[in-house]
Amino acid sequence: MVDKLDKYIDSYSKEWYQAFLLLLMAGTPGIFNAIQISSYVFLVDKPSYWCDIPVLKAAGWNDQMVLNVSTPRQNYSSDKIEECSYYDRNYSIFAKNGYNWSMSNLETATSKSCQYYRYSNTESVIPEWDLVCDNVAKKSNIQAAMAFGKFIGGLLFGSISDIYGRKFAFNLAALIYM
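The numbering used here applies: residue 1 is where the sequence shown begins, and numbers increase by one.
Just so you know, these hints were derived from the structure itself, not from any lab.
Do not rely on the hints blindly, as some may be mistaken.
[Unchecked claim] No farther apart than 27 Å at their CA atoms in a straight line, the calculated lysine-lysine pairs in the DSSO-like style are these:
#1 Lys96 / Lys112
#2 Lys138 / Lys112
#3 Lys80 / Lys139
#4 Lys150 / Lys46
#5 Lys57 / Lys96
#6 Lys150 / Lys167
#7 Lys80 / Lys57
#8 Lys112 / Lys57
#9 Lys150 / Lys139
#10 Lys150 / Lys138
#11 Lys112 / Lys80
#12 Lys46 / Lys139
#13 Lys112 / Lys139
#14 Lys138 / Lys80
#15 Lys46 / Lys80
#16 Lys46 / Lys57
#17 Lys46 / Lys112
#18 Lys46 / Lys138
[As the list claims (entries may be wrong)] Derived CB-CB ranges, DEER-like:
#19 Asn100 / Thr122: 28 to 34 Å
#20 Phe151 / Ile93: 52 to 58 Å
#21 Thr108 / Gln36: 48 to 54 Å
#22 Val125 / Ile31: 20 to 26 Å
#23 Asp45 / Trp101: 33 to 39 Å
Yeah, the Cβ is synthetic: ideal placement off N, Cα and C, and Gly gets one too.
Take these sequences, add in the hints, and give me the full structure.
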């Protein structure tokens with residue numbers, strides 16, 4: 001019984017490299033598809049951010065100094081900051097007089113929406129396209145655009161497959177994917 005099984009397996013194992021090559025070619029687009037779908041998690045990673053005050057940065061203030069003078073805290077907590085707003089103050093006077101003077105002369109001020117943002121990490125589409133605060137809803141458009149592209153690609157390559165054949169459509173899709 002074992003001899004018959006060995007002969008049967010041996011008869012198919014002579015072309016193992018062809019089967020492996022076919023499997024590799026057929027699986028490559030699926031691997032790229034999985035990488036592309038899961039890349040969304042890493043591309044839209046939300047770094048910590050706060051309002052940027054260019055006048056203070058130009059005066060040589062570090063990020064913590066700018067945060068202490070310009071950024072309101074959430075619910076008067078000392079840990080969490082309001083990321084989308086800053087105090088409406090005359091920061092050019094603060095820049096001229098220095099940090100210590102500014103901390104001792106803080107007055108109550110109203111909050112205002114940010115115009116510029118500063119990010120702790122810039123390796124994401126969030127800081128590249130400013131997808132924070134008022135623009136946070138645009139984050140979902142990234143995944144929707146990719147899904148729409150896959151839908152259109154499926155329709156388009158289905159038609160190409162019908163007209164020119166599956167082999168041509170498969171090779172064209174694999175070439176575009178890479």
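For each hint, the structure was consulted:
1. Distance hint between Lys96 and Lys112 is fulfilled; the C-alpha atoms sit about 22 Å from each other, no more than 27 Å.
2. Proximity of Lys138 to Lys112 is assessed by CA-CA distance (about 22 Å); at most 27 Å being required, the pair is judged to hold.
3. The suggested pairing of Lys80 with Lys139 holds, with an alpha-carbon distance near 23 Å, which does not exceed 27 Å.
4. Proximity of Lys150 to Lys46 is assessed by CA-CA distance (about 25 Å); at most 27 Å being required, the pair is judged to hold.
5. At most 27 Å may separate the alpha-carbon atoms for a hinted pair to count; Lys57 and Lys96 meet this at roughly 12 Å.
6. Between Lys150 and Lys167 the alpha-carbon distance is near 19 Å, which keeps this suggested pair within the 27 Å criterion.
7. At roughly 22 Å between alpha-carbon atoms, Lys80 and Lys57 fall within 27 Å of each other, so this suggested pair holds.
8. Distance hint between Lys112 and Lys57 is fulfilled; the C-alpha atoms sit about 19 Å from each other, no more than 27 Å.
9. Simply put, Lys150 and Lys139 have alpha-carbon atoms about 18 Å apart, close enough for the 27 Å limit, and the pair holds.
10. With a CA separation close to 19 Å, the supplied pair Lys150 and Lys138 stays within the 27 Å bound.
11. With a CA separation close to 17 Å, the supplied pair Lys112 and Lys80 stays within the 27 Å bound.
12. With a CA separation close to 10 Å, the supplied pair Lys46 and Lys139 stays within the 27 Å bound.
13. For the given pair, Lys112 sits about 23 Å from Lys139 by alpha-carbon distance, which is consistent with the 27 Å threshold.
14. For the hint linking Lys138 to Lys80, the alpha-carbon distance of about 24 Å falls within 27 Å, and the restraint holds.
15. In summary, the hint linking Lys46 to Lys80 is supported, as the alpha carbons are separated by about 15 Å, within the 27 Å threshold.
16. For the given pair, Lys46 sits about 23 Å from Lys57 by alpha-carbon distance, which is consistent with the 27 Å threshold.
17. Restraint check for Lys46 and Lys112: the C-alpha separation of about 22 Å stays at or below 27 Å, so the hint holds.
18. About 13 Å separates the Cα atoms of Lys46 and Lys138, which keeps this hinted pair within 27 Å; it holds.
19. Under the hint 28 to 34 Å, the C-beta atoms of Asn100 and Thr122, about 30 Å apart, fit the expected range.
20. Between Phe151 and Ile93 the C-beta distance comes to about 56 Å, which sits within the given range of 52 to 58 Å.
21. For the pair Thr108 and Gln36, the supplied restraint of 48 to 54 Å holds, since their beta-carbon distance comes to about 50 Å.
22. With their beta carbons about 23 Å apart, Val125 and Ile31 fall inside the hinted range of 20 to 26 Å.
23. A beta carbon spacing of about 38 Å between Asp45 and Trp101 agrees with the range 33 to 39 Å that was offered as a hint.
Hint compliance for this structure: every hint is met.
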